[in-house]
Amino acid sequence: MASAPLTTIVIYGGGLAGYVCACALDRTLPGDIQLILIETDAAKATDIFFGTLTSPTTYDFLLDKAFTEPDLFLNTQTGVSLGTKFENWGPTRQNWIQSFYKPLPVLNGVEFQHYLTRFRQTTPEKASLEDYVISTQAAKSGGFAHPPEDRKTPLADMDYGYQFSPKDWQGYFSGKLSSKRVTRLQSDVTKVERSGETVTGLTLNNAQIIKADFFIDASGPNSKLKSPSDTSWVGTREICAAETHNIETGKRHPYRTVRAADYGWQSETTLQNQVHRLTVYDPNSERAALKAHGTPDHTPFKVQLGRTETPWIGNCLTFGHGAASLEPLTSAPMRLLERDIDRLIELIPVSKNMTVERREYNRRFNDDYSHADLFQRAFFSTSKTGAHPYWVAASSTPLTKRLQDKVEQFESRGVLVQYDYEPFSREDWTLLHIGMGRLPRRYDPLADRVSLPGLTQKLEQMRHAIDVMAKKLPPHDVYMSRLIKYLEDQNV
Amino acid sequence: MRLRKICILGGGTSGWMTAAGLSNKYKSLGIEIELVESEQIGTVGVGEATLPHIRFFNQSLGIDEREFMKATRATFKLGIEFCDWGRQGDRYIHPFGDYGEPIDGVDFHHFWLRLLQNGHNSRLDDYSYPILAAEAGKFQLPGKDVSKIGSNFGYAYQFDSSRYAVLLRQYSEKNGVTRTEGKAVKASRDPESGFISSITLESGQTIEADLFVDCSGFRGVLIEQELETGYDDWSEWLPCNRAIAVACETKGPSVPFTRATARKAGWQWRIPLQHRVGNGHVYCSEFISDDAAREQLLSTLEGQPLSEPKQLYFKTGKRRKLWNKNVVAIGLSGGFLEPLESTSIHLIQEGITALIELFPGKSFETSDAEEYNRRMDLNFDRVRDFLLLHYVATQRDDSEMWRYFRNMTLPESLQEKMEAWKSRGYLLRYEQGVFLPPSWVAVMAGQNLIPDGYDLRVNRKTLDEVISVTDTIKQQSKIAVTQTPDHAAFLAQYGAAAEMGAG
Numbered sequence: 006m007a008s009a010p011l012t013t014i015v016i017y018g019g020g021l022a023g024y025v026c027a028c029a030l031d032r033t034l035p036g037d038i039q040l041i042l043i044e045t046d047a048a049k050a051t052d053i054f055f056g057t058l059t060s061p062t063t064y065d066f067l068l069d070k071a072f073t074e075p076d077l078f079l080n081t082q083t084g085v086s087l088g089t090k091f092e093n094w095g096p097t098r099q100n101w102i103q104s105f106y107k108p109l110p111v112l113n114g115v116e117f118q119h120y121l122t123r124f125r126q127t128t129p130e131k132a133s134l135e136d137y138v139i140s141t142q143a144a145k146s147g148g149f150a151h152p153p154e155d156r157k158t159p160l161a162d163m164d165y166g167y168q169f170s171p172k173d174w175q176g177y178f179s180g181k182l183s184s185k186r187v188t189r190l191q192s193d194v195t196k197v198e199r200s201g202e203t204v205t206g207l208t209l210n211n212a213q214i215i216k217a218d219f220f221i222d223a224s225g226p227n228s229k230l231k232s233p234s235d236t237s238w239v240g241t242r243e244i245c246a247a248e249t250h251n252i253e254t255g256k257r258h259p260y261r262t263v264r265a266a267d268y269g270w271q272s273e274t275t276l277q278n279q280v281h282r283l284t285v286y287d288p289n290s291e292r293a294a295l296k297a298h299g300t301p302d303h304t305p306f307k308v309q310l311g312r313t314e315t316p317w318i319g320n321c322l323t324f325g326h327g328a329a330s331l332e333p334l335t336s337a338p339m340r341l342l343e344r345d346i347d348r349l350i351e352l353i354p355v356s357k358n359m360t361v362e363r364r365e366y367n368r369r370f371n372d373d374y375s376h377a378d379l380f381q382r383a384f385f386s387t388s389k390t391g392a393h394p395y396w397v398a399a400s401s402t403p404l405t406k407r408l409q410d411k412v413e414q415f416e417s418r419g420v421l422v423q424y425d426y427e428p429f430s431r432e433d434w435t436l437l438h439i440g441m442g443r444l445p446r447r448y449d450p451l452a453d454r455v456s457l458p459g460l461t462q463k464l465e466q467m468r469h470a471i472d473v474m475a476k477k478l479p480p481h482d483v484y485m486s487r488l489i490k491y492l493e494d495q496n497v
Numbered sequence: 427m428r429l430r431k432i433c434i435l436g437g438g439t440s441g442w443m444t445a446a447g448l449s450n451k452y453k454s455l456g457i458e459i460e461l462v463e464s465e466q467i468g469t470v471g472v473g474e475a476t477l478p479h480i481r482f483f484n485q486s487l488g489i490d491e492r493e494f495m496k497a498t499r500a501t502f503k504l505g506i507e508f509c510d511w512g513r514q515g516d517r518y519i520h521p522f523g524d525y526g527e528p529i530d531g532v533d534f535h536h537f538w539l540r541l542l543q544n545g546h547n548s549r550l551d552d553y554s555y556p557i558l559a560a561e562a563g564k565f566q567l568p569g570k571d572v573s574k575i576g577s578n579f580g581y582a583y584q585f586d587s588s589r590y591a592v593l594l595r596q597y598s599e600k601n602g603v604t605r606t607e608g609k610a611v612k613a614s615r616d617p618e619s620g621f622i623s624s625i626t627l628e629s630g631q632t633i634e635a636d637l638f639v640d641c642s643g644f645r646g647v648l649i650e651q652e653l654e655t656g657y658d659d660w661s662e663w664l665p666c667n668r669a670i671a672v673a674c675e676t677k678g679p680s681v682p683f684t685r686a687t688a689r690k691a692g693w694q695w696r697i698p699l700q701h702r703v704g705n706g707h708v709y710c711s712e713f714i715s716d717d718a719a720r721e722q723l724l725s726t727l728e729g730q731p732l733s734e735p736k737q738l739y740f741k742t743g744k745r746r747k748l749w750n751k752n753v754v755a756i757g758l759s760g761g762f763l764e765p766l767e768s769t770s771i772h773l774i775q776e777g778i779t780a781l782i783e784l785f786p787g788k789s790f791e792t793s794d795a796e797e798y799n800r801r802m803d804l805n806f807d808r809v810r811d812f813l814l815l816h817y818v819a820t821q822r823d824d825s826e827m828w829r830y831f832r833n834m835t836l837p838e839s840l841q842e843k844m845e846a847w848k849s850r851g852y853l854l855r856y857e858q859g860v861f862l863p864p865s866w867v868a869v870m871a872g873q874n875l876i877p878d879g880y881d882l883r884v885n886r887k888t889l890d891e892v893i894s895v896t897d898t899i900k901q902q903s904k905i906a907v908t909q910t911p912d913h914a915a916f917l918a919q920y921g922a923a924a925e926m927g928a929g
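Listed in order, the protein sequences are those of chains A and B. Going from the first sequence to this note's numbering is simple: count from 1 and add 5. Going from the second sequence to this note's numbering is simple: count from 1 and add 426.
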């Protein structure tokens, strides 16, 4: 192999990003690479901004690193999630369930939603997309069961992510690090030695000096290892977040609820034995937000949304909230953390010359985050609206050409504009557009090739089958407690 | 409101593919389709070799594979053999399929690279069933489980595109497409919108339509001569601008692959059909004379030429807007990229598919054309980069043309791709575009661009484990080939061989 191989990687962190990253590297890299984890509490503070929801991608993400769902259920408060119910959202007070589901059938070569647009023009009462999405119907009936492999039942089209508490996962992943490979130091960095853009060593509290080939700084927004020459941060909007675990009044659902308010929004997330509340608000509306929230577990945190455009400089990668902060409105923060980790694993430097790795990591990072931004931005009006700071700030963020194209094409004719490797699927986008009231004006003329009675019958059958299935599902609480009981018995 | 009438200007492969594709979808919706073509104007018929996507086009039309192959004298195609590209004397096959299979989520070629770096030399080709089958002149259809070795490949055809046009004409006419003989001499425009309202033929006949599809070839009668859309000239990157083509008699059994041999001032194709072999020399007139190019072609034919060689002139590039006002350019009127990777028919197919998905209504919305152009631009750009790769991933410097490529400043996207591969076998991927990672691996490795490093996850296994797991794939591929019938025998047994003497 050319030039000197990589032997030691330092991860400076100790929050969720640092622990998941360390676990993933621990489980995927060959044995001759040493890992040193410097654990600082500073990293934990902003974990609240990872939100409480993951997407269906998490199952495979974890399995790739040999983390199994049963182990996660047994050792954390993690629950299943069919998506998010948005209430009273946006300028037109929309209500919808942004659920996770597999692609709807293509009938006669035409995407399903074109038939709904056709129906909307004749029989609007039958044109509701959610009637045909099993995950949404299951969410409404409060039921859950694992989707089977057998594709014949409507349940196979259901998909699910997880509802979790960042604090809980922090502990879980911290406990999963192998003691053989990972050297853990409870300390903080007091000095960073550099030679140009290369970090050559870190001095810790106890004067110990740590040397390595590659540094990952997951210590949070004020990352100390980040090159002082990096001034590429884009984004100015600030938000605050307060959380309370175990709220008393919470209702239990197999989905997260997000309720819009003047100050911002409030979510409630059902975990195994508790309901978690998160309130996100504009810093100028703190009083109203905290009044609505109740007593938070700790002092609320503030973060500046946005990202650096060059997370990897020299031999140092800024990771987690030092590199990017997303609003925890959707599963985006966790989805992107997973992508950060998988991108890193694919690009672990093969030698001390990291030119290619750096350029490619940064390129994909910018693609992923700008694509996630499109999705998150699409939750707000495309023109500046609102009387309250949160809504004004959110809808003032400029629209990119890419998002304009997505919205225009969908509203014009139900076409989903897609870019390479977007983190959010066509299904996610379809639900969001319709949820936000962005309905197509036209449909694919090929949808007219099916006769109206034939189509009505076909859709009625689908709707009925989904309805029957959704009502047959066991209540999610019952399902989960039986599952956990079963897993506990197996473990004994 | 639905549009009422489509006029396709030009027959040939693109015209009749468009007529077939559109009539199949819109015949029951009362949309009238009229195709205007002139027997005086010859067709180019550049693409006789195709990509696997053509199967889905035929399937969607409901065309039976056997009937299609008989009618067009088609052979099966497992890939393209590239000769003399990296260095003179080199050869490799770009297959329709992956190499080996990913191991624990890591692409197979990284394991191969570790073997190489530890002195275990083997050809990457030995882990690819379609390459081994092509080399042995064998073919069979893939089985249902496409992850299984022996089924882990795609296939396309090599066929007579003028016969394909005839087949699709019959198909289209059955679907109600009207064919009008004639040459367009004039177009009338709506004074307000600038849209073409009708075309007038030499005979004086006028044809009105809502949508015009320009399949008139290089001239771009509507898109360029009338609408003056403009052309992005890519000659700087792909300077070949002429071709001379001739069919010759076939010697020996037909093989299931196309061949592209690099020459001093271009390259030469060899496309084996059931009854003859198509040949052509694509070259750059700056580096070779037409006579010398013709001589190069004729002196290397394996059998008697079947006609006078046909001379073609072109300029590499793409129309600035493939959809402009109410005209959509499909085929050579939209752009030209040399057929080094059999993309001509594929780009026609992409054009038709995108037009169907973005099919306009009576009132054309500009956003339809914008999205169409965005998609097609991306397709063309990405094919261009992939073609250019063949000329620049090379050690050749034995002629003026090869030295021209040596000194070229590459598009950044291509430069970065090659660097990432060279450094660690890493592939810059995209989802939208025809050539996926295995194709890039085939050309870069095939032209001696061997990476210095590989994905470190490979080292989770010991060298002995890597040897054992890769050997298994190699053996399985080899065994699968021995169980595959000869290509010619399979054609006959499958019922795809045309009757002898049927011309």
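No lab work stands behind these hints: they were computed from the structure. Treat the hints with care, since some could be wrong.
Unchecked claim - Below 25 Å or equal to it, Euclidean Cα-Cα: the simulated PhoX-like pairs (lysine-lysine) are:
| # | chain 1 | residue 1 | chain 2 | residue 2 |
| --- | --- | --- | --- | --- |
| 1 | A | K181 | B | K570 |
| 2 | B | K570 | A | K157 |
| 3 | A | K172 | A | K490 |
| 4 | B | K887 | A | K70 |
| 5 | A | K172 | A | K296 |
25 Å Cα cutoff - pair K887 of chain B, K70 of chain A:
16 Å, holds
Need the status of pair K172 of chain A, K296 of chain A: alpha-carbon distance at most 25 Å?
23 Å, holds
Next pair to validate is K570 of chain B with K157 of chain A; report whether the Cα-Cα distance is within 25 Å.
The given pair, whose Cα atoms are some 20 Å apart, holds under the 25 Å limit.
For the pair we were handed, K172 of chain A and K490 of chain A, check the Cα-Cα distance against 25 Å.
24 Å, holds
Within a Cα-Cα threshold of 25 Å, do K181 of chain A and K570 of chain B meet the stated pairing?
41 Å, violated
When held up to the earlier numbered hints, the structure conflicts with hint 1 and nothing else.
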